Structure formats: structure tokens, C-alpha cells
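The listed protein sequences correspond, in order, to chains E and B.
Residue numbers for the first sequence follow this note's numbering, so the first one is 1 and each next one is one higher.
Residue numbers for the second sequence follow this note's numbering, so the first one is 1 and each next one is one higher.
If you are wondering where the hints come from, they were derived from the structure by calculation, not from laboratory data.
Quick caveat, the model's predicted, so the values are computed rather than measured.
From the three backbone atoms N, C-alpha and C, an ideal C-beta is built for every residue, glycine too.
Please note that a few of the clues may not be correct.
Among the chain E residues that face chain B by a calculated CB cut under 10 Å, a handful are [unchecked claim]:
id: 1; residue: Thr17
id: 2; residue: Glu18
id: 3; residue: Tyr20
id: 4; residue: Arg21
id: 5; residue: Arg37
id: 6; residue: Arg42
id: 7; residue: Gln43
id: 8; residue: Gln50
id: 9; residue: Asn58
id: 10; residue: Ile122
id: 11; residue: Leu125
id: 12; residue: Ala128
id: 13; residue: Ile129
id: 14; residue: Lys137
id: 15; residue: Ile140
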Amino acid sequence: MEVNEQKLIQSILHGNTERYRYFMQKYGTQVLALIVRMVKDRQDAEELTQDVFVKVFNALSDFRGEASFRTWLMRIAYNTAQSYLRKHKPGIIKLKDDEQFSESVNDKDLDDEEKELDEQRIMQLYSAIDYLSLDEKTIITQYYLEEVLLKDIAFIMDIEPGTVYTRLHRIKKKLHNMIKRTEDEQRR
Amino acid sequence: MNKEDKEIRKALNIKYPTPQFQQKDWQSVVIKRISNKPASRRHIGWWIAAAVMACLILLTFTLCPKTDIKTVSSRQIIATNNSRPEKTKQPIIRSIKQKIDDKPIAVIQQKHHHQTHVKVLTNTTMTEDEIAFAINKNKEDFNRQIASFYTDIESDIEKYNRDDDIKGQISSIYSEINLEIDKLNREVTAQNAEVARMMVQLQYEQNAKATNNQ
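In isolation and in its complexed conformation, chain B is listed as follows (with noise of 0.2 Å):
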């Protein structure tokens, strides 16, 4: 300790010296207070308030229906699709609204290999588990449903591809049509030219005929 610290602490030790209780029975004061409150007690008291409320969990698990206690909201739940042609290679981002009991709950979101991941997006008071049951239940709906999906999407794709074709076809069209426009064209330079050969030939017969009269 430096002299400024030393200083410090005298200085404090004049104005704040310890203390002593005047009062020299305070700790039997105390001693009484507590007395009549054990400190463990008050966990006699916990315990209590613990299991009323255990009780009270028991109870509403045992009367109310077991649809009433979970409530599902916004959840995965990944279900099994085989039905997945293996031509077609990229996941499918377009959406497919699941029904169960005529109330949409589930719609697919993005499909991977042999799995599709089911995003339940409407609030329902159905479990996991009812959900789960529920999906497998109309599974092969389902899945009937994911591979009329694919069968529209090779429809589109058979669209594009004969669109092609057509706009193949046009093009050669077009191409020929060129070749007989230049064709055509050719033939014109050419008729063109004759024309002015025998205007030529024309122009100088009448000259020559001119010249002989005079």
C-alpha cells in the first residue's frame, strides 16, 4: 500500500471507524425471528405448489380430448415419395395443396431424392402423429397427384420441344422462300439486262438505218 492509499484509509478510519452494536443481544433477537420460520420450510411449500400443479396437468391431460391439447402449426414432416420419374432431374418448386378431411393443411414444398418435404402451414389442432397418419393414409393420392405433376410438366416440356420443331420449320421455310427471292432476283438482273442489251441493239439499228437514208 502507497503513502496516497495509507493516507486514504486513515482518513477513512477516522471518519467511518468500526462500528460495534450497542445493542448486545441482537443476534438472540434474530436467533427468535428465524426460529419460528425453519429456512426449510419454505420448500415444503414449493413441493406443495408443485404437485397441485402436477394434479392439475394430470387432470386436463385425462378429461380433454387429446385433439384439444397440441396445436400444429407450421411444422416439417418429411413422407416417402417413390413415384418420382428418374428422367426428371430438377426439384420441383411448384406447390401442391394436401387435403385431409376436405381441409387443406399440407403443401409440398421442395422435393429431393425419394422424399418430399410436406410444410404444414395451416393451423390445426390435429398432433404430429394424427398428421403423419393422416398423409400416409392418402398417400397414394398423393401420390398419384406428384406424378400427374411430372406428367404436366413432360407435357410442357414436349410443348416446348414440338415448338421447335415449328420454329425449325419456319425458318427453313423462311430459308427457301430467300433462295427463290434470289432466285427470282437473278432471273430479273438477267431479264433486266437482256432488255437493256436489245435497247442497246435497238438504239444502234435505228441509227444505222438513219445514217443509210441520208
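Next up, chain E with everything else stripped away, as it sits in the complex (with noise of 0.2 Å):
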């Protein structure tokens, strides 16, 4: 049953405090996948997205449903890490991470069609991916994973919906070009 988030949250304004607990268990992985996506280590983005539900709550009462509240919370979630990343300089980022991540991909996960794509090539786009900003990899997986809508992307990160469009075109372009130059490469 479709439960009215405004509703919910006037209920959570007038003390029932409980019942935030809906947001986290609907919103919380996304929250996660976005923030460890952003910091690259786990165990900091497991307190951030913790942090992040605080913060939710505490400005619930400004929430004014001009954006959707999955929207709302995943713009505070993507500032929160962006104020994370500013304060710890990026030699502190796990980048070794990135394995402990592929260890627990599930092949099951992936439908028959994608079985047949050109495993190199995605091993290539899978390189490639490393050298994308924190905003270009942002954008790609609010886009294909999370398959969150470019006027919302564009919304989470404060820009406007046609950057993140142009910018979402340049990224393909630049993996493209990436895969190209390695293939090149290869060939030699």
C-alpha cells in the first residue's frame, strides 16, 4: 500500500518519532549506495548516511514538497558527503575499497542480454569509470543505477537539468573515447 509521505511526516512532526523509521528502511541503501559511492569507505559512510537521516529529521519541518522526498533526502545526503569529502583530503580515501566491492558482485543480478555484452569492453569501462570525477561518477550512477531522473539529478547536486544532461553526454563520450584509446593501445 502506497503510504502518503506527507502524512506520515505531519505524523512524525507531531512526535511519533517511531515512525521515521519507514524513511530509513525505504530510502536507507540508496542513501548508502550514493554517500559510499561519493567517500569510498564503508564503515564512514555507514555514520554519514546515519548523520544524514539526523539532519533529515531536524529540517523535516522545512520540507516543503516542492521536490519529491527521496529527492530532498539525496540532495542532503549527496551535500553531506561533499562536506565530508572537503574536510578529509583525498589521500585519505580508500581506494582499495573499489576491490572489496567487485568481490561481492552478483552475477544472477544480470539478465541474459547483458550476459552477452563484450566482457573486455566492460572490463575497459570498468577502468575507464576510475578516471571520471566524483561529479561525472555521481551523475552516471544516479543515472544507471539508481535510474533516478535527470531533472532530480539535477536537483540533488543543485544544477541545472540541461548541465546535467550535456554533462551526462560528455561522460559517455569520454568513456568512449577512454576505450578507444586502449584499444588503440592494444592494437600497437
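Put the two chains together into one complex; each comes in its own frame, and the hints tell you how they fit.
Okay, structure coming up:
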């Protein structure tokens, strides 16, 4: 049954704090996914996710419903991760966590059509993603993995929807060029 | 989703698989953290702050003299003026300073039909109502000044008109003088012609006399 989130927020504001658990159950993993991809440290990401939900709770009375609750929540998560990254310089980021993530890939989740895709090309893409900036990674993960609409990505990142569209196009071109360059080098 | 998009998605899936919380009771931790400060309590703080501010404003209005509350600067007030002479068509651009309590506060900027726009140029602690009252109190004097101003204009116009008369008279005198000069010129020409004719006559007589003598 579809829960009216606006009514739920009103109920929480009237003191039913326990009902806030609904939002954590529904969006917790998505918030963690966004943060973990940005900060690359699972433990820190989990702590930051908790901070995000505390922040959102404190700002709950300011939620006007202009965007969906999920988009608003993701925007706060994005800003929280950004300020974490500003405080913690890139040297502290644990890059080896990528390996840890790759171990947990569940091939069963991929459909048959995806299995037909050129594995070598995908691995090249996998490497190319490393060269993308943080914002570029956020855009493609939100768009392709979380299937967030471009206008919502724009809201989360506080940029124009047109800019998201242009950047997405540019990211694809960039990945394409990087793969082509790798292939050219391999041929030589 | 085209092939390229699927490839990107798969690569992303490998690189960034959906993470799961390792800390199972994280939701309870959050609930515990937020339970200490209900979200609605934040509003109570705002209400208290607003009430304190309202009290402070009320106290300020009650205790301070009214004249100190509002500063009037450069605002437009319209005062009625019935003393405008009908025959003067053009609006007056020249300004007249208004004085209230011997302090110049207003300058008439422009006048239209039966209305005078007064622009307050000097900073004053008087409220708008007080200025309007003071202007109305001085209205007769104010109107007298305007009437006097129109009289000045009229005398200026008369003066210009008088000047035009003088110019006409001078022009007429010039014409008369010119006529006189022409007349004199004509007389001189006639006299010169007579002199020339007499000279020729004299020369002729002298020649005739010389011939007879021979």
C-alpha cells in the first residue's frame, strides 16, 4: 500500500518519532549507495548515512514538498558527502575499497542480454570510470544504477537539468574515447 | 536502453554494487539520536524568539518619542493649490522652499492643475502625517507664495511685452530716419544735378563770350 509521505511527515512532526523508521527502511540503502560511491569508505559512509537521517529529521519541518522526499533526502546526502570530502583530503580516501565492492557482484542479477555483452569492453569501461571526476561518477551512478530522473539529479546536485543532460552526454563520449584509446594502444 | 548504456550500467554494477548496511541496528541508533530532540521542538524556539522580538518592538514604540521612530527623506506629498491663475498655462518649474519651524523641509517641484507636488528633500524626524499637517497649517502662506510667484511671472511677461513696444518704437524711428535720409539724399542728388547743370551753363556762356571777343 502506498504511504502518503506528507502525512507521515506531519505525524512525525507531531511526535511519532518511531514512524521515521519507514523512511530509513525505504531509502537507507539508496542513501548509503550514494555516499559510499562518493567517499569510498563503507564504515564512514554508514556513519554519514546516519548523520544524513538525523539532519533530515531536524529539517523535516522545512520540507515543503517542492521535490519528492526521496530527491530532497538525496540532496542532503550529496551535500553531506561533499562536505565530508572537503574536510577529508583525497589522500585519506581508501581506494582499495573498490576491490572489496567488486567481490560482492552478484552475476545472477544480470539478465541474459547483459551476459551477452562483451566482457572485455565492460572491464575497459570499469577501468575508465576510475578516471571520471566525483561529480561525473555521481551523475552516471544515479542515472544508470539508481535510475534517477535527470531533473532529480539536477536537484540533488543543485545544477540545471540541461547541465546534467550535457554532462551525461559528455561522460559517455569521454568513456568512449578512453576505451578507443586503450584499444588503439593494445593493437600497437 | 541501448547497448552502450547497458555496458556502462554493467561496468558500474561491477564497480559500485548496491551496498548493504553492515551495522544492522543503524536505524535504532538514528531513532535514539533523534528521540532526544523532537523535530517540532525547533518551532517552539522560533515562537519564543518571535515573542521576545514582538515585546521588544512594542516596548520601543511605547517608550520612544514618536518623532524618533520614523525618518522621512525624499518623499512625495501632494498639497492642494487653488490659487493658480487661469491664464497661466505652463507649469512652473522653478522651486520654492517651504519652511516648517524655520527649517526648510520641502521644495515644490512641479505644478499641475490645482495640485502642487511637494518633494521633501531634507531629512527630518517628522512622520509623513506631521509633515502633511504642517504643510496644511502653512497653506495660506504657501498659497500666497505661489500667487506672488505667479505675479512675478506676469510682471516678467509684461516687461518682455514692454520691451517689445520699445523695440517697435525704435524700429519705427529707424524707418522714419531712413525715410528722412532717403529724402535728404534725393534732395542732395537734385541739388547736385542743378549745380552740374549750372556749371555746364556757365561753361557754355564763358565759351560763347570768348568767341565773340575774337
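Hints versus structure:
With a least beta-carbon distance of about 5 Å to chain B, the hint placing Thr17(E) at the interface is held under the 10 Å criterion. Proximity of Glu18(E) to chain B holds as hinted, the smallest CB-CB distance being about 7 Å (cut-off 10 Å). With its C-beta approaching chain B no nearer than about 7 Å, Tyr20(E) sits inside the 10 Å limit, and its interface hint holds. Checking Arg21(E) against chain B: minimum C-beta separation of about 6 Å stays under 10 Å; hint holds.
For Arg37(E), the shortest C-beta to C-beta distance to chain B is roughly 5 Å, which falls under 10 Å, so the interface hint holds. A cut of 10 Å between beta carbons decides the hint on Arg42(E): the least distance to chain B is about 7 Å, and the hint holds. Here the hint on Gln43(E) is kept, as its CB sits about 8 Å from the closest CB of chain B, short of 10 Å. The restraint placing Gln50(E) at the interface with chain B holds, with a minimum CB-CB distance near 5 Å, inside the 10 Å limit.
With a cut of 10 Å, the hint placing Asn58(E) at the interface with chain B holds, because the nearest CB-to-CB distance is about 7 Å. A hinted interface residue such as Ile122(E) counts as satisfied when its beta carbon comes closer than 10 Å to some beta carbon of chain B; here the least separation is about 5 Å, so the hint holds. Using the Cβ-Cβ criterion of 10 Å, the hint placing Leu125(E) at the interface with chain B is satisfied: the shortest such distance is roughly 4 Å. A hinted interface residue such as Ala128(E) counts as satisfied when its beta carbon comes closer than 10 Å to some beta carbon of chain B; here the least separation is about 8 Å, so the hint holds.
The interface hint given for Ile129(E) holds, since its Cβ lies 5 Å from the closest Cβ of chain B, which is under the 10 Å cut-off. Residue-level restraint check for Lys137(E) holds (minimum Cβ-Cβ distance to chain B is 8 Å; threshold 10 Å). At a threshold of 10 Å, the smallest CB-CB gap from Ile140(E) to chain B is about 6 Å, leaving the interface hint in force.
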